[in-house]
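Chemist: Now for the letters of each chain:
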Amino acid sequence: MLEVLDVSGLATIQDSGRTGWRKFGVPSSGPMDWFAFQAANLLVGNSSSAAAIEIGAGEIELTATQDCVIAATGAGFSLSVYVWDFPLWDSCFVRAGWKIHVKKSSAGMWGYLSIAGGFDVPKILGSHSTYLRGNFGGVDGRLLQAGDVLKIGIPSRPLMELSARSLAEDARLNYSENPIVDVILVPQKNRFDEKNIEMFLSSEYKINYSSDRMGYRLEGTRLNHIGGADLTSEGMAMGAIQVPADGQPIAMMADCATAGGYPKIASIISTNLPLLAQCVPGKDSVRFRETTTEAAQENYRALIQKMKNGIVESKED
Amino acid sequence: MKPQLVPFGDSALLIKFGDEIDLSINQRVHNLDALLRAREIPGVVETVPAYASLLVYYDPLILSFDQIVGRVKTEMESVEENISRKPRRIEVPVRYGGDDDLQFVAAHHRISPREVVRIHASRDYTVYMMGFTPGFAYMGKLDDVIATPRLETPRVRVDAGSVGIAGAQTGIYPIASPGGWRIIGRTSLRLFDLTADSPFLFSPGDLVRFIVESIDA
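Protein chains in written order, with my numbering: chain X, 5 to 321; chain E, 28 to 244.
None of these hints come from the bench; they were simulated from the model.
Fair warning: there could be bad hints in the mix.
Here are the in silico distance ranges between beta carbons for each label pair [to be verified]:
1) H135/E with R305/X: 55 to 61 Å
2) S139/E with N139/X: 38 to 44 Å
3) S214/X with S139/E: 44 to 50 Å
Calculated cross-link-like contacts (lysine-lysine; reagent style DSBU-like; alpha-carbon spacing at most 30 Å) [what the hints assert, rightly or not]:
4) K107/X with K210/X
5) K193/X with K29/E
6) K287/X with K155/X
7) K100/E with K193/X
8) K103/X with K127/X
9) K199/X with K29/E
10) K107/X with K155/X
11) K287/X with K199/X
12) K127/X with K107/X
Think of the CB as a built atom: it goes at the ideal place given N, C-alpha and C, for glycine as much as any other residue.
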């Protein structure tokens, strides 16, 4: 088990998300940065969907009550175990009694702490993910707090085989404080004229400080609709960029509502969603660039392959 | 309108049947949804029916955009012949009236509160779609005689089980939440129970009938 000693920021348990319940109005939740989340799991020999700790702009200190193997990934965090500092994107062995400390250290927003075997919290509606607004999933539907004791599942292999693995540097994403984020211009691009689409694609948008796991509010050039901002509500997905009446776009994130009634100008492609997610609200900014669905899917398949191939087994030293 | 198939990002397909809230358009959404679910297409993650559109989430590691479009088009050609969908019927007992908006709705239409209740409970409503909060069902279509605009300023808290009217729609709040619908009654049915085998009372496409349990007017 791992016991939480101290925690700050938005620390929750997340797995790959809740599927099959969106039609009833239940958001999928899951990680803000799916790439860092999946890599953390692969590093410790888990399935890419196993439950891990997500830490948003804060830190967490835990103590292990049993031997285990962990990995930390994400952007802008540092990891220390017992008396040593470890790099992110590496798995490491933790002896019973040692302390683990994941801490915000530089630019970036979300960190992930995985453990071989995954965190064994009850499944709600088929998922371990915490949905804070719904007060369910993860640990009692809430943020992790000091004193929480997290059970660990069964590792896929002996611990010694799972430690000291790393994700090759060229298999990682290039996180940035001002990334260029590729989008597909749909499904309501016809609700914006060419001039407004051009403005959207050529301006810089700052991430507003009031952003959260539901959505990232973007502030920049105001976009005007053709025929008003109302739309008959339709399904919603993470990455969709909707434009309410005030003309300031909002990018839908992991806890977004399952339906929405504002026109969407574009949708962020899967491989670039983590780049936006890791932007710091109130500080970082993004630019958007148009791509095609075909290219986006090609990139996605390639990135997953690269991540799987990029796990380097332990180097003898 | 011929359905339009448009990409919604790289992992979802939006099938649009129209632009408005209309019962016959909504029936087409549920018919296609039922058919696609029955087919259990590998790579389709889940479907989300809305008023006039169906959003299909798929896994791009298994299906490309062209493949999902091709598959959905094939199914759509057979959907009209395959309407075997039998909507579930659900009865909802309601204690109408109390201290909320029943009087307002009656006064707004210059009819008696009892007449509002009689009309509200006199027809089957289709669950057009669900959303807003887990388990919230948007239902219609309401008789124009009792269709009433939303509150100008939403209430900060509406209790779970509150039955409301918004325009030509009716619905029930599954959990306490802020809300702008005109509340005309309450039900003691639980719409959302995480510990139950079927956590949600309603599903999109269901037929719902309100039963008058009492009237306090």
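Chemist: Give a verdict on every hint.
Modeler: Status of each hint after checking the structure:
1. H135/E with R305/X: 55 to 61 Å: Holds: the Cβ-Cβ distance is about 56 Å, inside 55 to 61 Å.
2. S139/E with N139/X: 38 to 44 Å: The hinted range 38 to 44 Å holds for S139/E and N139/X, with Cβ atoms some 41 Å apart.
3. S214/X with S139/E: 44 to 50 Å: holds (46 Å)
4. K107/X with K210/X: holds (25 Å)
5. K193/X with K29/E: Measuring from Cα to Cα gives roughly 19 Å; hence the hint holds.
6. K287/X with K155/X: violated (36 Å)
7. K100/E with K193/X: Holds, at about 23 Å.
8. K103/X with K127/X: holds (27 Å)
9. K199/X with K29/E: holds (29 Å)
10. K107/X with K155/X: It holds: about 22 Å lies between the C-alpha atoms, which stays within 30 Å.
11. K287/X with K199/X: Since the Cα atoms of K287/X and K199/X sit roughly 27 Å apart, the hinted pair holds (cutoff 30 Å).
12. K127/X with K107/X: holds (27 Å)
Violated hint for the displayed structure: number 6, the only one.
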